[in-house]
Amino acid sequence: MFSDYSMGELGAIFAMQGFAGLILFSVFVLMALGLAIIFGQMGVINMAHGEFMILGAYVTYLTSNFFSAYIPALFGMYFFVAMALAFLASGALGLFVEWAMIRHLYKRPLDTLLATWGLSLILQQIYRSVFGAREVGVTIPDWMIGSLPVTDMIEVPINGIFVMVLAVGISMAVYYMMFRSVWGRQVRAINQNRVMAGAVGINTEWTDRLTFGIGCGVAGVAGSAFTMIGSTGPTAGQLYIVDTFLVVVFGGAASLLGTIASAFSISQAQSIMEFFLSGSMAKVLTLLTVVGILMLRPQGLFALKLRK
Amino acid sequence: MKRSFSSFMTRQDMVGFAILAVVIFVLLPISLDTFRLNLFGKYLTYAFVAIGLVLCWGAGGILSLGQGVFFGLGGYCMAMFLKLEASTPENTSIQSTPGIPDFMDWNQLTALPAWWEPFHSLAFALFAVVAVPVFFAFIIGVAMFRRRVGGVYFAIITQAFAAILTILIIGQQGYTGGVNGITDLRTLKGWDIRTDEAKEILYYVNGVMLFVVLFAAQFIRKSKLGRLLIAMRDQEDRVRFSGYDVAAFKIFVFCAGAAFAGIGGAMFTLQVGFMSPTLVGIVPSIEMVIFCAVGGRISILGAVYGALLVNWAKTTFSESFPELWLLGLGALFIAVVMVFPNGLAGVYSEHVAPRINRLFNKSAADMAGAKTPAE
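As given, the protein sequences belong to chains Y and A, one line each in that order.
Just so we're aligned: the first sequence equals residues 1 to 308 in the working numbering.
Just so we're aligned: the second sequence equals residues 309 to 683 in the working numbering.
Zero decoy hints are in this set.
Facing chain A, from chain Y, some residues (calculated, C-beta under 8 angstroms):
| id | residue |
| --- | --- |
| 1 | I45 |
| 2 | L113 |
| 3 | I122 |
| 4 | V242 |
| 5 | F245 |
| 6 | M281 |
| 7 | K283 |
| 8 | L294 |
| 9 | M295 |
I should point out that these hints are in silico values taken from the structure, not numbers from a laboratory.
Just so you know, these numbers come straight off a predicted model, no measurement behind them.
All C-beta atoms in this analysis are idealised placements derived from N, C-alpha and C, irrespective of residue type, glycine included.
Could you put together the complete structure from these sequences and hints?
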């Protein structure tokens, strides 16, 4: 399949597909980070994760409409406001959901899965009723439109670069929170030994709620970033949920670094194969490989060595 | 002999089976026209899957979110046979290559793929309906359970399989019929399955098959295997330390669930007249879990009622309030987990059964008195 292309063309193809893969990688990382916090640290399966993301996307859509209607002078900056609002909205909904539902189900992970699936159906229907069944897109600020020519054959879109920068920034923020902040220390303590963590004075209940809220908030930011490269529909979240779970499980549930490494390998494999095979076969092959590796190595790429 | 039968089925179980038989074979056919009866027949095909889930999930603690894969594989095996029978050279003379299924012709295929060939034979197709799902379940089961993967990880990976198979079927349009699935099925060995009369007969065949599966499930539950499954669900390590091969039992019950689902899929194809990837993917697979959960995950009869009730509600609601149905289904998922973790069977055994017992208190006491010395 390579014989039809010259070396220079192949290089450009790999570079372009590699770049497309980097955008996909950013998307996976953004989605998986929130899930890695909730699933990796708390062991809660949140099937409604995609819907929290879409909430962030809709918040961004509303903010962009608000800015263009009332303060068009600041339109170039609306995205940063939208991201903060998306974090707050998704985070607040996450706190509420944890209080109303998840906290009763910590001992029954499979039931959490079903209950959050129910939640995702309800949210989808609410989005459909409020925003309509059609996909909505936001107006991208002028400075994000266009592309940077790298060589005469390779061009990279600016919004793609922006999403990538965002992914790196949010990853660093999550890393900082998990490993440098008081909250992160408490979360990891609870993950290792809940009873003992409670005994030394950590409010485990509140930490759980906050963790779930922050995970959902990060999902909201991811949704917000999504609007820069695609449109948003009520069922868009469901499309990604399996991919995201595979990314997190493949990387080793409790390891942030593993999540990023697995997001990178899955997205690169998929996007490079996509050029040579049909899109669906590339996806099938990628997923099959991931599932195959998981069958041989169920603990994922980067497993924490824990005494259970 | 009598002793072994009563350990297979208690008096209460027998009453339950008898009531279900009356509902399926008498009440529903009397009260519904052919169209509705066919609909209920379709709902009952989901009950096959739900019964398999009761064994895997309720008894064994293995939640599979990929039962749609097995349902679909069974259904596709049946559909491939029916499609080949419908695609005789006479029927398809307008195609550029007569004698192959229409969707292959539309996708510029000029010959039947080799793996379609065996499906000319009904015997092979019926064998494949059970064998193909069991084969895949066996591979998945061996790979996962031997490495002691369970619980949430198993659920996610089976869900990934549902996603993979859907994408594969949709992507390989020329071989599988793509998004539309395999449609326009006409006859089974020359017998037209589209007439009202045929639909009624198929409904009864479906009912009989359901009872065969129910008896098989009852047998598994009441045997030593069934008790081991429950022991594994509650204390897996202790069962392992007692010297049992936990993985082998899990693989067996997962394969049994897959076989039931495959039979259900084949009956679906026969009654509804098509098979498509919309019945394979993530969403239908997880809906099948809710049928089982509503019935009360531990009761095989409850699973049948759960499948009937949820699907009936789905049809009724989406006919009159399409907007509300998703909200209702979502609320049902949450309610069944948080408020009624034991589903219909739990409601029955907590609220209905005590009243019935009080009603027949005297005779029950007599029975117990008569039974004790014999033990």
